[in-house]
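Undergrad: The lines below spell out each chain.
Number of protein chains: 2
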Amino acid sequence: MKKAVLNFLLMAIGFCVINSVHAQNNNEKRPNIILFLVDDMGWTDTSLPFGDAPAPNNKIYETPNMQKLANMGVKFSNAYAHSICTPSRVSLVTGMGVARHRVTNWTNSDVDQPTDAPYAGMKWPEWNYNGMSARQEYKNTVVATSLPEILRKSGYYTAIVGKGHFAAFGISASNPQNIGFIESVASDAIGNPRNYYAKDNFGNKEKYGYTYQRGVRGLEEYHGKDLFLTEVLTLEAMKVMDKALDLKVPFFLYMSHYAVHTPIMSDDRFYQKYIDKGLDPVEAKYATLVEGMDKSLGDLMNYVKEKGIGENTVILFMSDNGGLALNPPRKGKPFKENLPLRSGKGSLYEGGIKEPMIAYWPGVTKAGTKATQNILIEDFFPTILEMAKIKNVNTKQQVDGVSFVKYMKDSNLIDDSRSLIWHFPSNWGQGESTLKKHYEGMKVEEIGMGPASAIKKGDWKLIYFYGTKKVELYNIKTDIGEEEDQAKSNPKKVKELFGLLNQRLKEQGAQYPIDEATDKELLPVLNL
Amino acid sequence: MKKAVLNFLLMAIGFCVINSVHAQNNNEKRPNIILFLVDDMGWTDTSLPFGDAPAPNNKIYETPNMQKLANMGVKFSNAYAHSICTPSRVSLVTGMGVARHRVTNWTNSDVDQPTDAPYAGMKWPEWNYNGMSARQEYKNTVVATSLPEILRKSGYYTAIVGKGHFAAFGISASNPQNIGFIESVASDAIGNPRNYYAKDNFGNKEKYGYTYQRGVRGLEEYHGKDLFLTEVLTLEAMKVMDKALDLKVPFFLYMSHYAVHTPIMSDDRFYQKYIDKGLDPVEAKYATLVEGMDKSLGDLMNYVKEKGIGENTVILFMSDNGGLALNPPRKGKPFKENLPLRSGKGSLYEGGIKEPMIAYWPGVTKAGTKATQNILIEDFFPTILEMAKIKNVNTKQQVDGVSFVKYMKDSNLIDDSRSLIWHFPSNWGQGESTLKKHYEGMKVEEIGMGPASAIKKGDWKLIYFYGTKKVELYNIKTDIGEEEDQAKSNPKKVKELFGLLNQRLKEQGAQYPIDEATDKELLPVLNL
Chain A
1 MKKAVLNFLL
11 MAIGFCVINS
21 VHAQNNNEKR
31 PNIILFLVDD
41 MGWTDTSLPF
51 GDAPAPNNKI
61 YETPNMQKLA
71 NMGVKFSNAY
81 AHSICTPSRV
91 SLVTGMGVAR
101 HRVTNWTNSD
111 VDQPTDAPYA
121 GMKWPEWNYN
131 GMSARQEYKN
141 TVVATSLPEI
151 LRKSGYYTAI
161 VGKGHFAAFG
171 ISASNPQNIG
181 FIESVASDAI
191 GNPRNYYAKD
201 NFGNKEKYGY
211 TYQRGVRGLE
221 EYHGKDLFLT
231 EVLTLEAMKV
241 MDKALDLKVP
251 FFLYMSHYAV
261 HTPIMSDDRF
271 YQKYIDKGLD
281 PVEAKYATLV
291 EGMDKSLGDL
301 MNYVKEKGIG
311 ENTVILFMSD
321 NGGLALNPPR
331 KGKPFKENLP
341 LRSGKGSLYE
351 GGIKEPMIAY
361 WPGVTKAGTK
371 ATQNILIEDF
381 FPTILEMAKI
391 KNVNTKQQVD
401 GVSFVKYMKD
411 SNLIDDSRSL
421 IWHFPSNWGQ
431 GESTLKKHYE
441 GMKVEEIGMG
451 PASAIKKGDW
461 KLIYFYGTKK
471 VELYNIKTDI
481 GEEEDQAKSN
491 PKKVKELFGL
501 LNQRLKEQGA
511 QYPIDEATDK
521 ELLPVLNL
Chain B
529 MKKAVLNFLL
539 MAIGFCVINS
549 VHAQNNNEKR
559 PNIILFLVDD
569 MGWTDTSLPF
579 GDAPAPNNKI
589 YETPNMQKLA
599 NMGVKFSNAY
609 AHSICTPSRV
619 SLVTGMGVAR
629 HRVTNWTNSD
639 VDQPTDAPYA
649 GMKWPEWNYN
659 GMSARQEYKN
669 TVVATSLPEI
679 LRKSGYYTAI
689 VGKGHFAAFG
699 ISASNPQNIG
709 FIESVASDAI
719 GNPRNYYAKD
729 NFGNKEKYGY
739 TYQRGVRGLE
749 EYHGKDLFLT
759 EVLTLEAMKV
769 MDKALDLKVP
779 FFLYMSHYAV
789 HTPIMSDDRF
799 YQKYIDKGLD
809 PVEAKYATLV
819 EGMDKSLGDL
829 MNYVKEKGIG
839 ENTVILFMSD
849 NGGLALNPPR
859 KGKPFKENLP
869 LRSGKGSLYE
879 GGIKEPMIAY
889 WPGVTKAGTK
899 ATQNILIEDF
909 FPTILEMAKI
919 KNVNTKQQVD
929 GVSFVKYMKD
939 SNLIDDSRSL
949 IWHFPSNWGQ
959 GESTLKKHYE
969 GMKVEEIGMG
979 PASAIKKGDW
989 KLIYFYGTKK
999 VELYNIKTDI
1009 GEEEDQAKSN
1019 PKKVKELFGL
1029 LNQRLKEQGA
1039 QYPIDEATDK
1049 ELLPVLNL
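Residue numbers (our numbering), protein chains in the order written: chain A, 1 to 528; chain B, 529 to 1056.
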């Protein structure tokens, strides 16, 4: 029996050693998470078709790494964001619906500069035009507990590389290190780079210097070199991951490309072939922004493989709003850039909110699958927390997002009881100017812009326009181009969705456009 | 027997759980390290006497937290730095002697701007006036493996808060994140703040903006508030440590105060009492810089205690060169600010190089002890690596520093075979202008400035001046004020030290001042 005890002792010790090593690397059990977020990328700005049939753009753009990632994981064909950048980004890191966080339009890099354009007969509510905030500190900000803060506090190495645009300069969240990112590379209040070229110091006047507003900061060591911003951010992202690997802790990399946002500049590694394809030079430049971004994705995929962490690294691909359909700065047909989707960035039509989304979670997602569940950008918040095994979080805010982990596990699942809502109690002037130039006399509502709210439940989508007081109803499954308004023929569905939309807006504490004449909120009114 | 086995099983499991937790926190066995580095603080700028008898200043300044720290650990009474900031700081993070790294004078924040003042009949060598560098990238930089880089790669969370000043803007090391610091707060190429007040945006013209050169960067969220820079850096340091605690990894905090460097501004929390003591307003302001710095030390000591990491956190207190003795900007008697020490910052006399140093390593240092061993600032490099249990490091550079861990363990140990060397093949114009104003006709050598080298071994110190070709010899133990030059009376000691100094300078590859007439290096010549 002594021998048995000895054996047991040895076994126990052996177990302990294994367990000990395992425990030391306990964090490794939690996956690394790369959120690869593209700016202003449309649903069809890729060679990977997200629709049932390839879109015209799918034959133009070349994104082999997105194809590769989709082959490894799940492609989400009904993923949505909000129609403009800051609202989407704030929803993503707070989990809040846009009507709840009230950052309903894009934020200027200066404080106290609402970006709303005028709309006849209306005034705008006091929305959170200074963006989000880590604490009560200044007016017109939303105070929330952020995703990176929660991850960091639970032991994740958190970093943002690239575009922040969470708040105006001076508000805490304009420096992402104040909302939980340990590292913040080239990220602040600006929404787009002044210049993509390192040789032009990314728009900073002086080499090694910094120009207030819009010059990308923090990349001084690259100034004067022959590198494109997309490439530089990729190199920086690898440095970030190197550090997490040295610390032996899991990481959350918020890889936030400035591409493919304006200014439309040529990533010269890819320009000539798009000219050879017959594209207009401006559109060819746009295509290089897309392919440069895809190259970055491929580089990061290679990095995790080479470092031996590919099997424990989640990659989530997403864009923050629809593709830009304005001319200028684009050269294509205005509001037709995202065909078969209607309109583009700034619109509540599909072109403004439908996103190319891919999720790869080794050992969880199944290779080459496709999920059709409706997903909204605030869903990333609970999803990422679930992946990181973080439960029972106390947040300052009420979270509206719903985890999509189950759809990653089983892409065939569908929950048609889930509704997504959009809310834009404002006017995006940029859309109007393109309208005026190309379609004089046409109302912004015809491109899905102007003050509006929308809801999607299952295949059905309803949009309400505050200016025209009109509702439109579409079946997105059979009519992805939103050409056939079924509001008149299907009043039952209209009533159901209109009621639900209003209920959910109220729940989230929505602000509404204000009647200039009466000073009263213009609540949605159903006129069938 | 079944019960015995069961008991054993339970015990084994219990053991494993404990072991597992322990293993998970394996890094905790390595101490956290706070390097509390003050800028331009003199050896007597404290209420803690470092000499055998209290210095006049010891009765003026109030630094209760330094006293407290010294009561907890070891006070080093013969700790030295180089006479100017950048040389010291580069030695600290590279472990190299100043003659070896060749950053022999302070670096301008612009590239290619040597800071040397003229000296009749001499030219200056091509020293590394652009500072240190993480890689071969630009001329006149020293490429070295840095202390934070090694610590980071071994799993330490590394951060610098405050003054960097390792290199000119555009050189990689001007951003400390390029030399191994994960976080870099308010740290770049500048050597002093334009302004200490948050209400003045730390010298940045625009609120939330950034002024190229000298405005402290990265603290935009404090702009306009009623806070002093020293306090703000302390708050930021706590945020840094919070993060390391969340990640459960050990940290290296390079707490690098801009205080007590010029501009001499009032930290109003402490001003009135120094006026009440009868100090001139400028000197009273200087005293507030000192006490504000001490308050920061106390705050950090409280922080580690409150977080329960006091027993595993090393605190090292050090300054980077001697106290400023120029008038203006100071108001005291020129070159008498550091009595009993002779001269001040920029001098190879004790006033320029002797530093207030305290080391506290819980469980290792003995409370309230005093070590008299000669220590030089490059010694921090191997010391900190030893504390972090990092052995056999491959560095690009040869390390000249020697660990002082053994003197922390036993403060009575003395190694008189160790020699420290200083090398300044240049001229610091700032010293000259005070001379001219107050002591017209006096040579810079009389305040220990101008091109010079020095050596200290045991109690003996020899200084060689390249301009006058004169050697001076002092016994620092019996003549701390360097009033009695013993060169003539002790030629044997002069020869010994002069030979050793030259040998060590040669070993380090020293550059020498150049004779303008012959274009040849002015090697030291012994004329007894």
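Read the hints as simulated data drawn from the structure, not as lab findings.
Note that the Cβ used here is the ideal one computed from N, Cα and C, for glycine as well.
Hints are supplied without guarantee of correctness; some may be wrong.
Listed next, the in silico SDA-like pairs over lysine to any residue satisfying Cα-Cα at most 25 Å (straight line) [what the hints assert, rightly or not]:
1. A:Lys248 - B:Asp770
2. B:Lys681 - A:Tyr303
3. B:Lys735 - A:Thr115
4. A:Lys396 - A:Leu227
With the Cβ distance kept under 7 Å, some of the chain B side facing chain A (calculated, not the full set) [stated by the list, open to error]:
5. Gly683
6. Ile710
7. Asn723
8. Glu749
9. Lys753
10. Asp774
11. Leu775
12. Val777
Undergrad: Compare the structure with each hint and give your call.
TA: Results of checking the hints against the structure:
| no. | hint | in the structure |
| --- | --- | --- |
| 1 | A:Lys248 - B:Asp770 | holds, 18 Å |
| 2 | B:Lys681 - A:Tyr303 | holds, 18 Å |
| 3 | B:Lys735 - A:Thr115 | holds, 21 Å |
| 4 | A:Lys396 - A:Leu227 | violated, 41 Å |
| 5 | Gly683 | holds, 6 Å |
| 6 | Ile710 | holds, 6 Å |
| 7 | Asn723 | violated, 18 Å |
| 8 | Glu749 | holds, 5 Å |
| 9 | Lys753 | violated, 10 Å |
| 10 | Asp774 | holds, 5 Å |
| 11 | Leu775 | holds, 5 Å |
| 12 | Val777 | holds, 5 Å |
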